[in-house]
Structures are given as C-alpha cells and as structure tokens.
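Enquirer: One letter stands for each residue in the lines below.
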Amino acid sequence: GAGVSQSPSNKVTEKGKDVELRCDPISGHTALYWYRQRLGQGLEFLIYFQGNSAPDKSGLPSDRFSAERTGESVSTLTIQRTQQEDSAVYLCASSPTGTASVDQPQHFGDGTRLSIL
Amino acid sequence: AQTVTQSQPEMSVQEAETVTLSCTYDTSESDYYLFWYKQPPSRQMILVIRQEAYKQQNATENRFSVNFQKAAKSFSLKISDSQLGDAAMYFCAYRMNYGQNFVFGPGTRLSVLP
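So the sequence lines, in the order shown, correspond to chains A and B.
The numbers in the first sequence follow my numbering, run straight up by one, and end at 117.
The numbers in the second sequence follow my numbering, run straight up by one, and end at 114.
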C-alpha cells in the first residue's frame with residue numbers, strides 16, 4: 001500500500017508567482033491535513049479536510065492561501081502571489097478518520113520544499 | 001488554546017545510552033491524546049508512540065517509553081539503548097478527543113554520538 005504522496009518534492013519560484021502543491025492521501029483515509037514547517041521550526045497547522053464536511057481553514061495565514069479537496073482523494077494547496085516568507089516545507093498528512101478513532105495517528109508525506117526567490 | 005512546549009531545542013546521547021526528551025502541554029480538557037513523532041533528515045514524519053490521556057499506564061514501544069504525568073501535564077519520551085538511527089527531530093503532539101487539530105511542539109533535535 002502506498003503512503004501519502006506529495007508533489008513536487010521541491011519547487012523553486014520567483015516572488016509574486018502562484019504555486020500549486022499536490023497531496024495524494026492514503027486510499028480510504030477520510031481526514032487530510034496541511035502543515036507548514038519553516039526551517040528549524042515545528043509544524044504549523046494550515047487546514048483540515050474531513051470527508052465532505054466544510055474544511056477547517058483556521059490555520060491559513062492569509063487569503064493568498066487556499067486549498068481544495070475532491071471528495072476523499074487528492075488535495076491541492078495553492079499559494080497566490082508568493083512572498084519570500086512563504087519559503088518552507090509544506091507537509092500533508094492523512095488519517096483513517098477524523099472523529100471515530102481519534103487516537104489514529106497521522107501518516108505524513110515527504111513534503112514539498114518551497115523556495116521563493 | 002492548547003499549547004505544547006519542548007524546552008530542549010537540542011539533545012545529544014552516547015550510543016547505547018538512555019536519553020529523555022521533555023514535553024509539557026497546556027489544556028483544560030480531560031480527554032485527549034498525546035503523540036511523539038520522529039522526523040529524520042528525509043523529512044518523513046514517523047509516529048514513535050502514542051498515549052491516551054485516560055490511561056494511567058505509560059505507553060511503551062520497544063526501546064521507546066513515555067512518562068505521562070497527567071496532573072503535571074508532562075509527557076516525556078525515554079529512548080533506551082540509543083542507536084545511530086535514532087538521530088532526528090522529535091516532535092511532541094497533542095490532540096483533543098473531539099477535535100481535529102493536532103498541536104505540535106517546536107521539536108527537539110537529537111544527536112546520537114558513536
């Protein structure tokens with residue numbers, strides 16, 4: 001069984017450009033999370049999807065950030081008009097369910113390293 | 001709001017020795033879950049161990065064990081017989097029983113010396 005897959009693994013772009021990051025969760029996992037990890041720091045929660053419920057967007061740092069998920073499959077995180085402060089590793093994680101088994105851990109992808117020039 | 005604190009930015013241990021990584025958290029909830037994750041240079045986050053707050057018995061997974069002190073809101077990780085492959089960033093994480101968010105601490109970088 002494949003794990004959580006993220007693409008691209010690395011992305012370098014110029015300030016002001018838009019970027020789109022992709023996450024393929026583990027099949028059957030209903031919950032999907034996006035995190036940002038700046039160099040040498042911990043994980044910063046961005047957004048959470050659970051099935052067809054409205055996503056929890058409370059962690060998105062600005063309106064330049066948005067994310068979508070189609071059903072219980074692929075998710076994309078979009079950053080518009082990128083800034084140098086957006087440089088970080090963006091990690092995606094999925095888990096079997098959001099509430100029925102709250103002790104279920106998250107399974108993480110390898111992340112996308114985003115560098116804004 | 002829940003917070004997770006790891007007061008040791010860096011730790012080192014001699015191979016085959018034992019090391020303890022500290023984690024404290026702040027919450028007003030009584031039901032929650034605690035996790036330790038390991039992040040090697042590959043960036044992959046790997047679950048090391050988990051603890052249910054309603055369980056008094058400390059969780060153990062082979063060489064990894066926790067000291068869970070609910071009243072003190074402390075959740076330390078003990079690594080016994082340290083191996084070179086244990087070198088990584090270690091993150092303590094908290095999750096409410098009914099919530100979705102995982103709250104992560106800032107991490108502790110562990111070095112294992114041969």
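Hints may contain errors.
Said to hold, decoys possible - In the SDA-like style, the derived pairs of lysine to any residue whose C-alpha atoms are separated by at most 25 angstroms in a straight line are:
1. B:K73 - A:Q41
2. A:K57 - B:D26
3. B:K55 - A:H107
4. B:K73 - A:G42
5. B:K73 - B:P114
6. A:K57 - B:D31
7. A:K57 - B:K78
8. A:K11 - B:I46
9. B:K55 - B:P114
10. B:K73 - A:F45
11. B:K70 - A:T78
12. A:K17 - A:P105
13. B:K78 - A:H107
14. A:K57 - B:T3
15. B:K78 - B:S65
16. A:K57 - B:K70
17. A:K57 - B:T5
18. B:K70 - A:K11
19. A:K11 - A:S66
20. B:K73 - A:E44
Bear in mind the hints are in silico, worked out from the structure with no lab data behind them.
Enquirer: When the structure is checked against the list of hints, which entries are broken? Sort them ascending.
Expert: When the structure is compared with the hints, numbers 5, 7, 9, 11, 12, 16 and 18 turn out to be violated.
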